[in-house]
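Chain by chain, the residues:
Number of protein chains: 2
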Amino acid sequence: MAYEGEAAVKLNKACAGEGDRVRVAKGSAVFEGILLPRTDAGGGECLVVKLDNGYNVGIGAKGAGVEKLAAKKTVLEKFASKRMTPMKGLPEVALVATGGTIASRVDYATGGVKMVLTPEELFAAVPELEGVAAISSVSTPFTIASEDMTPREWAKIATEVGKQLNAGATGAIVTHGTDTLAYTAAALSFMLRGSKPVAVVGAQRSPDRASFDGAMNLVCGAHYAKSNYGEVAVVMHGTPSDDYCYAHRGTKVRKMHSSRRDAFRSVNDKPLAKIWPDGKIEGTNAKARKRVDGSVMVDAGFEEKTALVKLYPGAPAEQLDWLTDKGYKGVVIEAYGLGHTPTQTFEKNKSWLKAVGRCAEEGAVVAVATQCLYGRTNPFVYVNLRLMGAQGVTYCGDMLPETAFVKLGWLLAKFKDPAKVREELLKDYAGELNPRLTEEDFV
Amino acid sequence: MAYEGEAAVKLNKACAGEGDRVRVAKGSAVFEGILLPRTDAGGGECLVVKLDNGYNVGIGAKGAGVEKLAAKKTVLEKFASKRMTPMKGLPEVALVATGGTIASRVDYATGGVKMVLTPEELFAAVPELEGVAAISSVSTPFTIASEDMTPREWAKIATEVGKQLNAGATGAIVTHGTDTLAYTAAALSFMLRGSKPVAVVGAQRSPDRASFDGAMNLVCGAHYAKSNYGEVAVVMHGTPSDDYCYAHRGTKVRKMHSSRRDAFRSVNDKPLAKIWPDGKIEGTNAKARKRVDGSVMVDAGFEEKTALVKLYPGAPAEQLDWLTDKGYKGVVIEAYGLGHTPTQTFEKNKSWLKAVGRCAEEGAVVAVATQCLYGRTNPFVYVNLRLMGAQGVTYCGDMLPETAFVKLGWLLAKFKDPAKVREELLKDYAGELNPRLTEEDFV
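For the record, the sequence lines run as chains A and B.
Read in this note's numbering, the first sequence has 386 at position 385, and its numbers run on one by one without any break.
Read in this note's numbering, the second sequence has 115 at position 114, and its numbers run on one by one without any break.
It should be emphasised that the hints constitute simulated quantities derived from the structure, not laboratory data.
Treat the hints with care, since some could be wrong.
Intra- or inter-copy, both count: the list cannot distinguish identical chains.
As the list claims (entries may be wrong) - Calculated lysine to any residue pairs in the SDA-like style (CA-CA distance at most 20 Å, straight line): (1) K271 to E46; (2) K306 to S352; (3) K157 to G195; (4) K327 to S352; (5) K415 to E131; (6) K327 to E363.
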């Protein structure tokens with residue numbers, strides 16, 4: 002929606018539009034920055050300016066003087082085309098936009114946040130990106146809230162990223178809602194066979210807020226995408242402040258807080274790197290994979306009949322029977338501690354042990370991860386675990402339950418033989434298995 | 002099993018038995034400590050002595066000299082009776098033993114760990130307890146691995162603890178396997194209506210290992226049980242060393258590591274206190290509830306048709322339909338981020354939104370907690386959340402999903418009206434809702 006009323010009149014007079022650098026004077030206050038799209042607040046008569054310090058300010062047009070200082074940066078114009086001419090001297094980075102808070106704004110009709118931002122708007126909001134990398138292409142395969150993402154969308158993102166990397170992009174940035182961002186990062190880690198940097202970034206705060214974190218995450222993500230790392234990483238704030246981001250290995254990261262800007266944490270591994278918005282990168286994980294030239298193979302299959310089941314005291318084993326009856330090919334049980342599953346439930350003769358045995362007999366792969374999240378399963382310690390192991394259960398070591406789910410579904414699409422899948426589950430594909438946990442890998 | 006062969010002969014000659022203080026000399030080495038039950042290693046011919054520094058040592062009986070220094074402490078004899086005469090001057094603490102690693106040992110037949118320890122053996126292994134509190138009663142309502150615990154066992158433990166507290170005990174210690182210890186602690190927090198200290202303790206390492214943590218946890222648990230706190234708390238190691246324990250509020254604690262001794266962490270709250278084995282207690286939470294004299298009411302009902310369902314991308318909404326069809330009265334959805342639930346799945350027209358609506362229509366209570374674990378749900382931010390709210394969903398704020406599950410099952414047994422249950426879910430019963438999260442409440 003365009004600016005209206007007095008705002009439109011004044012912008013028109015100054016020949017200024019979205020993305021232009023403007024000066025707005027009102028009373029004794031003077032604001033300089035990039036004109037952002039209207040936010041629906043104030044009926045389109047409130048000029049929204051992104052200041053150089055990163056804050057957005059809204060200024061009522063009434064009584065304000067508007068002056069255009071510079072035309073919008075060329076990069077914004079490029080943004081509209083699918084394939085863009087990269088800026089000279091900067092590495093080419095592909096951007097794949099999928100929705101989420103990083104691409105959202107407040108809907109003043111309901112008071113909630115809605116996804117409406119186009120890539121152009123997103124870029125207009127983060128002009129800092131321009132000096133960092135040349136965005137060589139922009140794709141929006143779909144715009145979806147991250148809670149609505151399914152493995153089908155993972156495949157679309159992987160396919161698009163692979164295409165851009167093979168077309169010559171140095172690396173890629175995927176913008177994504179934060180809720181299932183870590184699941185997608187794990188999926189891309191498996192689905193993109195190759196060693197190029199892919200930064201998955203999101204925002205915990207919407208772009209209309211002063212605390213918007215998406216801009217810095219995008220900038221740090223761009224630094225990562227042109228770096229010499231060769232993995233899929235989640236690039237998000239490392240602290241509640243705007244000081245640096247962490248690049249977390251895509252298979253070892255989890256959203257651990259519902260609202261904080263530093264919500265993402267590496268679990269059972271160290272982050273790959275600390276990245277400052279000015280481009281400084283400090284490696285923090287000796288086992289980080291490096292960039293390897295050559296093409297990226299996209300292996301985006303996923304067996305949709307894969308489930309994740311979290312245990313709790315009294316959980317009915319029939320839950321698993323139901324999945325077996327539905328023809329599920331793989332189930333990750335988010336069990337207790339070292340991998341414990343109850344051997345008894347409320348109903349006599351309806352044990353998890355039996356249900357697991359039946360599920361495995363039907364040819365499904367049953368894997369066990371720990372709901373502790375930190376630490377690893379260890380099937381050799383307790384008698385009950387050995388009984389379970391005898392039913393054909395595969396213990397996932399230090400893999401996160403979420404990563405185990407993604408990996409299992411991906412393997413089931415690759416290999417038809419359950420025995421083979423069980424074997425491959427315990428092979429490291431993308432850093433998802435850390436053979437040596439250290440003290441610092443815990444909170 | 003008793004000691005055998007040369008060990009039995011030498012112990013017999015020295016008139017020494019389990020629990021006695023002995024000196025065992027072999028070659029140039031001399032070991033002094035409490036004789037523990039045999040561990041099955043060395044065919045019963047290996048003397049196991051708990052040294053004063055807390056370590057257990059095994060000494061082959063062959064060539065060893067055995068001398069009895071003191072008869073086993075009287076407290077061990079008391080331990081056999083259900084109601085014991087408390088030691089003079091020490092507060093009376095009731096012990097309820099339920100199994101788990103704290104009451105386990107290695108089964109050399111399978112190489113795994115088995116639960117076999119009786120309370121007597123447990124006490125023999127932790128003679129340090131004697132100076133801390135008078136164990137006025139010992140109950141073993143059942144011996145069960147914690148992964149096999151169900152809400153039925155929670156009720157038994159609550160009933161027993163309540164009985165002992167009302168019979169005059171100053172406080173209580175519950176020994177428990179660590180896997181579902183936090184679930185039980187939450188259950189006891191709701192089921193015991195009153196303000197007396199109840200310490201739930203476990204061990205992450207078995208008693209045959211030098212790194213056994215159960216002894217210190219028990220001692221710190223005893224200090225808590227005789228303190229002026231008035232809540233159910235999980236008392237476990239605060240660091241990987243044997244320096245101090247934390248008393249975590251029973252409703253705000255989670256096992257966050259599969260194997261570390263400091264696996265338990267307070268989530269969205271500060272621990273109640275730091276407790277040192279010498280009895281020093283440092284309060285760490287200004288909102289800790291204090292002991293209140295008077296009887297404890299046991300309210301141990303639990304609606305068994307209560308479920309916990311964790312979401313993941315592609316999760317079938319039919320899973321919820323299945324619970325609805327099975328007559329479930331309450332479901333906690335472990336959703337994403339601020340409480341997001343997918344509005345679409347693989348199958349068109351089979352959305353979670355519809356399934357939630359149907360479940361609520363059938364009279365069940367659907368509650369939503371966050372799989373981030375840290376932070377709170379916030380139904381007012383996103384459009385999808387508002388749509389869900391319109392289906393009658395209750396957002397659980399900063400309650401852990403596990404605590405929300407326990408509370409929902411408990412409330413459903415108390416109140417028949419779903420509207421009333423939804424209302425009560427958001428009332429604080431046992432510190433499960435923290436209205437003000439601070440910086441330190443995250444990792």
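Going through the hints against the structure:
With identical chains, the CA atoms of K271 and E46 are never at most 20 Å apart, being 48 Å at best within one copy and 46 Å at best between copies. Taking the shortest Cα distances, K306 and S352 sit within 20 Å of each other only across copies (17 Å), while inside one copy they are farther apart (23 Å). Taking the shortest alpha-carbon separations for K157 and G195, only the intra-copy value of 17 Å comes in at or below 20 Å, while the best inter-copy value is 56 Å. Both within a single protomer and between protomers do K327 and S352 lie at most 20 Å apart by alpha-carbon distance, with minima of 19 Å and 18 Å respectively.
For the identical chains of this complex, K415 and E131 are neighbours neither inside a copy (40 Å) nor across copies (60 Å), given an alpha-carbon limit of 20 Å. Taking the closest pair of Cα atoms, K327 and E363 come within 20 Å of each other only inside a single copy of the chain (11 Å); across copies the shortest separation is 24 Å, beyond that limit.
Going through the hint list in order, the structure does not satisfy hints 1 and 5.
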